[in-house]
Amino acid sequence: MFLNPLLLFGLSAVSLPILIHLLNRRKYHRVVWAAMRFVQLAMQKNQRRMDIEDLILLALRCLLLILLALALARPVLKDTGGWGPSRVTAVIVLDNSYSMAQTDGTATRFDLARKKVADQIINTFPSGSSVSFLLASDIVSEVIPEPTYDLNFARERIMAAQLCDRGTNLLPALQRALKILEGRPAVRKEIYLITDGQASGFRQTGDLRQLMEDNRKDVRTHIVLVGDPDPRNLAVTALRMASALAPVNQSLRFEVQVTNEGRTEARDVPVRVAIDDEPAAEETLIASLAPGEAKSVSLFAKLRVEGFHTVTARIPHDQLPRDDERSIVVHAIKQVQVLLVDGKPGREARESETFFLRPALQPVDPAAQDRFYIQARVITPGELDATRLDEFDVIVLANLSDMSAAAVGGLERAVRDGRGLIIFPGDLVNTAFYNEQFLTQRGLLPAKLGEARGDACTLHVASRLAEAIEDGADLRRASGAIRAGVWHLVGHSYEQLPEIIARAEEEFAALVDVLLPQPLAGETQAATPVKGEAVPITKARARSLLHFPAANMAPALTRKTG
Amino acid sequence: MAKHQQTFLDPKAISQAESLGLHARFIVEGYMAGEHKSPFRGFAIEFTQHREYVPGDDIRHLDWKVLARTDRFYLKQYEQETNYVGHLLLDGSESMKYGSGSITKLHYGKMVAACLAYLILLQRDAVALSIFDTQVRKQMPRTSNMASIHNVMGMLAAFDPTLQTRISAVLHDLAGQIKRKGLIILISDFFDDEAAILEGIQHLRFGGNEVIVFHVMDPFELEFPFKGMIEFEGLEQIPKIMTRAGEIRKSYLREVQGFCQRIREGCERNNCHYTLINTSQPLPEVLTAYLAFRLRTTTR
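Chains F and C, in that order, give the protein sequences.
For reference, each letter of the first sequence is one residue, going 19 to 580 in the working numbering.
For reference, each letter of the second sequence is one residue, going 2 to 301 in the working numbering.
Calculated directly from the structure, the hints in this document are not laboratory data.
Errors might be hidden in some of the hints.
Said to hold, decoys possible - Pairs of lysine to aspartate or glutamate residues, derived as DMTMM-like cross-links and limited to a Cα-Cα distance of at most 25 angstroms, are as follows:
#  : chain 1 : residue 1 : chain 2 : residue 2
1  : F       : Lys320    : F       : Glu283
2  : F       : Lys63     : C       : Asp58
3  : C       : Lys241    : C       : Glu195
4  : C       : Lys228    : F       : Asp72
5  : F       : Lys63     : C       : Glu232
6  : F       : Lys63     : C       : Glu234
7  : C       : Lys251    : F       : Glu71
8  : C       : Lys251    : F       : Asp69
9  : F       : Lys362    : F       : Asp403
10 : C       : Lys241    : F       : Glu71
11 : F       : Lys313    : C       : Glu95
12 : F       : Lys45     : C       : Glu232
13 : C       : Lys98     : C       : Glu195
14 : F       : Lys197    : F       : Glu160
15 : F       : Lys313    : C       : Glu232
16 : C       : Lys228    : F       : Glu71
17 : C       : Lys241    : F       : Asp403
18 : C       : Lys241    : F       : Asp72
19 : C       : Lys182    : C       : Asp58
20 : C       : Lys251    : F       : Asp72
21 : F       : Lys45     : C       : Glu248
22 : F       : Lys45     : C       : Glu234
23 : C       : Lys228    : F       : Asp69
24 : F       : Lys313    : F       : Glu300
25 : F       : Lys45     : C       : Asp58
26 : C       : Lys98     : C       : Glu256
27 : F       : Lys352    : F       : Asp336
28 : F       : Lys63     : C       : Glu195
29 : C       : Lys98     : C       : Glu224
30 : F       : Lys320    : F       : Asp383
31 : F       : Lys352    : F       : Glu300
32 : F       : Lys63     : C       : Asp194
Said to hold, decoys possible - Chain C regions said to be covered by chain F (calculated; three or more residues, Cβ under 8 angstroms):
#  : stretch
33 : 115-121
34 : 228-234
35 : 254-266
36 : 271-280
All C-beta atoms, glycine included, are put in the ideal place defined by N, C-alpha and C.
Construct all of the structure, not just a fragment, from the sequences and the given hints.
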């Protein structure tokens, strides 16, 4: 087989030496000579030898041209046929996804794979072969994009390859490798796919198979599996702080989810939570974990110092160590200062708008209230102008009809500085004022306030919600109305609170997911009670913020009342 | 003066001159000027012998002085015996026409013959000249008259070869013709049957003659410096031959050397002086070398 078969026309050049030979016979010098008999004798003795030499020379010249033409046509052996292998143009695709970090105790799969490629695969290539090198995780990294003939260089680059912490997807890498080999003149084109064979890498099996099938004629693909498939692997798949606030010296609940990614059941898995670099604060055991099963456990820990802390959940290391722990950052706070502006103090304390809110914020003995991590101060609307808002972390306007322009300005600054602002609309609220000042001019309100409908004290949240959903024209207003409704229920019939909260939370989640994919700017700022909460999902953040009153208060209230 | 003569005596310069005789004289006199004795001394000029009269002898040759003194009859014989005849035999066959440079072998042979004739006449010996191919073509009877050197030159200059050689036949003929012992100088390329030639020389030697052989060869014939494809066109009977000369050179040289060697050995067997002349050599050098050699061998 020839790579440049057109150049075989060069074989016609074989006629050249024959022509030259014939022409040379016609080109001679004539000499008049006396000593003819010696020439005759010498020629008789040499003629036969000269004829044979002539023939050999002619044959050699023809052969030389034939070989030259053949060499230019670049002959190759497709099949080795016992004559030694022909040159290879290969693309080595090395899986560097995180699963390749799994170790058998002495070396990781990645180490084994690198060694295998450098020592075994490349060494089998005959001289003159060229190699391209790709690293494949869920992205393709082209280390040697153009095939190099310097196999030592390729070996060096392979041994210097780094693992990454990404997942596996081999299809793009295979596509890229085929692209590299496309149009190359080599006869032996090969792809070596070195992987640990994680199922995720072959999730497009159909496409992979099709791709290999389509190119089977030109490109031979070898899949080299490294590492024994280990049946055991546990992973910490989630860690979150279940407590809404992280006050210092308070017991905080952390939820840790452990998933069995292996194929065998895991028993007695110890789970620990540690703050910063300290030893584990608490440990619990998961008795049994079936393959594929995920279980959550709650663990408690206390933060001793104000500020940011790393909370790490751990299980004992297995062969894939990096997924055996997970960390979040938690901002520990000493106290939260809450300012309650009571829009309707009432004649008796019981009629006051903040009568229930204040003990809800400080559900402890009056004697211990001063040491509690939530400090609440109640003022009347008249005192608002004179109060320094920067001393408070959260400001609550409870059924406040309206306020001075200075007070609105102060509230805006407070929100811009990162303080929380909670507005509870009630019967006294001047809707137009709020919509104008807080929504239109300053954008502090999450939604436009609508007219109050029905009686907050008797209406069930679910019915309000259903109403709001039916009244789909102004959904932002609906969410505000629902929040208001929730609060009123807290005030008047808190016994039903847990189930109401649960239902509202579910329905709200659905609503938020559908209608509010992005959190509203005002909402986020206005309702952030704790800075630095490490919840990495935007939607989750929005969802938890929308539920702030219910989610935060419920445990405290139930504990108090129960 | 010597330098002037030296350059003038170059055989190439001679070949361009019109008259062979003039240049032959220069060559020999140039040589003789350095040598006061003739190289042909011993050609019996001074030899004298008395022989007793026997009946039938011509009484003109009686030595009357001896008869008067001793009363015995003796004949004076020196006049008859002291004059040697130098027979110059020049091969005039077609093969002698070959010359790689400006001088052909024949031309060179003519110069050798002219010079030797001049030298011989100069010491008052007689000289006879024969030019032959298959038979004697031109012949000049013996003469000891110096003036006849012009006839020698004229005959040499006028000769133009046409035929191939048959030296042996000519030598046998000459051996029969030469009545008086003498010096026979044979100038040829000997491109003929070697055995027959040697037989001819032997025949000459049987007559008591001294035979000197000058074997004239062209430098190209001795070195064969050809390369590439050459068509050799024979001067004698052999037809054209085309060959790659460079490749047969070794073989050719072996043949030529073998040929020269056989001629030399045959001459030596017959006590003949053999001299191989390469026509690229200057003639004075060749003559000087030969005459010096001869002086050495005859005075020993």
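So, going through the hints one by one against the coordinates:
Restraint check: the Cα-Cα separation between Lys320 (chain F) and Glu283 (chain F) comes to about 32 angstroms, which exceeds 25 angstroms; the hinted pair is violated. With a CA separation close to 64 angstroms, the supplied pair Lys63 (chain F) and Asp58 (chain C) exceeds the 25 angstroms bound. Taking the CA atoms of Lys241 (chain C) and Glu195 (chain C), the gap is about 23 angstroms. The hint holds against a cut of 25 angstroms. Taking the CA atoms of Lys228 (chain C) and Asp72 (chain F), the gap is near 16 angstroms; set against the 25 angstroms cutoff, the hint holds.
At most 25 angstroms may separate the alpha-carbon atoms for a hinted pair to count; Lys63 (chain F) and Glu232 (chain C) meet this at roughly 17 angstroms. Among the hinted pairs, Lys63 (chain F) with Glu234 (chain C) is consistent with the structure: their alpha-carbon atoms are about 19 angstroms apart, no more than 25 angstroms. The straight-line distance between the Cα atoms of Lys251 (chain C) and Glu71 (chain F) is roughly 16 angstroms, inside the 25 angstroms bound, and the hint therefore holds. At roughly 17 angstroms between alpha-carbon atoms, Lys251 (chain C) and Asp69 (chain F) fall within 25 angstroms of each other, so this suggested pair holds.
Between Lys362 (chain F) and Asp403 (chain F), the direct Cα distance comes to roughly 17 angstroms. Compliance with the 25 angstroms bound is thereby established for this hinted pair. Annotation: proposed proximity of Lys241 (chain C) to Glu71 (chain F) holds, straight-line Cα distance about 23 angstroms (limit 25 angstroms). Straight-line distance between C-alpha atoms of Lys313 (chain F) and Glu95 (chain C) comes to about 126 angstroms, which puts the hinted pair past the 25 angstroms bound. The hinted pair formed by Lys45 (chain F) and Glu232 (chain C) meets the criterion: a straight-line CA distance of about 10 angstroms does not exceed 25 angstroms.
Restraint check for Lys98 (chain C) and Glu195 (chain C): the C-alpha separation of about 20 angstroms stays at or below 25 angstroms, so the hint holds. With a C-alpha separation of about 12 angstroms, the suggested pairing of Lys197 (chain F) with Glu160 (chain F) holds against the 25 angstroms cut-off. The suggested pairing of Lys313 (chain F) with Glu232 (chain C) is violated, with an alpha-carbon distance near 109 angstroms, which exceeds 25 angstroms. In summary, the hint linking Lys228 (chain C) to Glu71 (chain F) is supported, as the alpha carbons are separated by about 16 angstroms, within the 25 angstroms threshold.
For the given pair, Lys241 (chain C) sits about 139 angstroms from Asp403 (chain F) by alpha-carbon distance, which is inconsistent with the 25 angstroms threshold. Only pairs whose Cα atoms come within 25 angstroms are accepted, and Lys241 (chain C) paired with Asp72 (chain F) is accepted, the gap being roughly 21 angstroms. A threshold of 25 angstroms between alpha carbons decides the hint, and for Lys182 (chain C) with Asp58 (chain C) the separation of about 21 angstroms falls inside it, so the pair holds. The straight-line distance between the Cα atoms of Lys251 (chain C) and Asp72 (chain F) is roughly 18 angstroms, inside the 25 angstroms bound, and the hint therefore holds.
For the hint linking Lys45 (chain F) to Glu248 (chain C), the alpha-carbon distance of about 17 angstroms falls within 25 angstroms, and the restraint holds. At most 25 angstroms may separate the alpha-carbon atoms for a hinted pair to count; Lys45 (chain F) and Glu234 (chain C) meet this at roughly 16 angstroms. Between Lys228 (chain C) and Asp69 (chain F), the direct Cα distance comes to roughly 17 angstroms. Compliance with the 25 angstroms bound is thereby established for this hinted pair. Simply put, Lys313 (chain F) and Glu300 (chain F) have alpha-carbon atoms about 17 angstroms apart, close enough for the 25 angstroms limit, and the pair holds.
A threshold of 25 angstroms between alpha carbons decides the hint, and for Lys45 (chain F) with Asp58 (chain C) the separation of about 75 angstroms lies outside it, so the pair is violated. Restraint check: the Cα-Cα separation between Lys98 (chain C) and Glu256 (chain C) comes to about 21 angstroms, which is no more than 25 angstroms; the hinted pair holds. Among the hinted pairs, Lys352 (chain F) with Asp336 (chain F) is inconsistent with the structure: their alpha-carbon atoms are about 38 angstroms apart, more than 25 angstroms. For the proposed pair Lys63 (chain F) and Glu195 (chain C), the alpha carbon gap of about 20 angstroms is at most 25 angstroms, so the pair holds.
The hinted pair formed by Lys98 (chain C) and Glu224 (chain C) meets the criterion: a straight-line CA distance of about 18 angstroms does not exceed 25 angstroms. With a CA separation close to 22 angstroms, the supplied pair Lys320 (chain F) and Asp383 (chain F) stays within the 25 angstroms bound. Distance restraint check for Lys352 (chain F) and Glu300 (chain F): the Cα-Cα separation of roughly 22 angstroms lies within the 25 angstroms cut-off, and the hinted pair is therefore satisfied. Restraint check for Lys63 (chain F) and Asp194 (chain C): the C-alpha separation of about 20 angstroms stays at or below 25 angstroms, so the hint holds.
Under a criterion of three residues with beta carbons nearer than 8 angstroms to beta carbons of chain F, the stated coverage of the stretch 115-121 of chain C fails, only 0 such residues being counted. Counting residues of the stretch 228-234 of chain C whose beta carbon lies closer than 8 angstroms to any beta carbon of chain F gives 6, which meets the minimum of three for the stated coverage. Residue count for the stretch 254-266 of chain C with a Cβ under 8 angstroms from a Cβ of chain F: 4. That meets the three needed, and the coverage hint holds. A stretch counts as covered by a chain when three or more of its residues have a beta carbon under 8 angstroms from one of that chain; for the stretch 271-280 of chain C and chain F the count is 0, and the coverage is violated.
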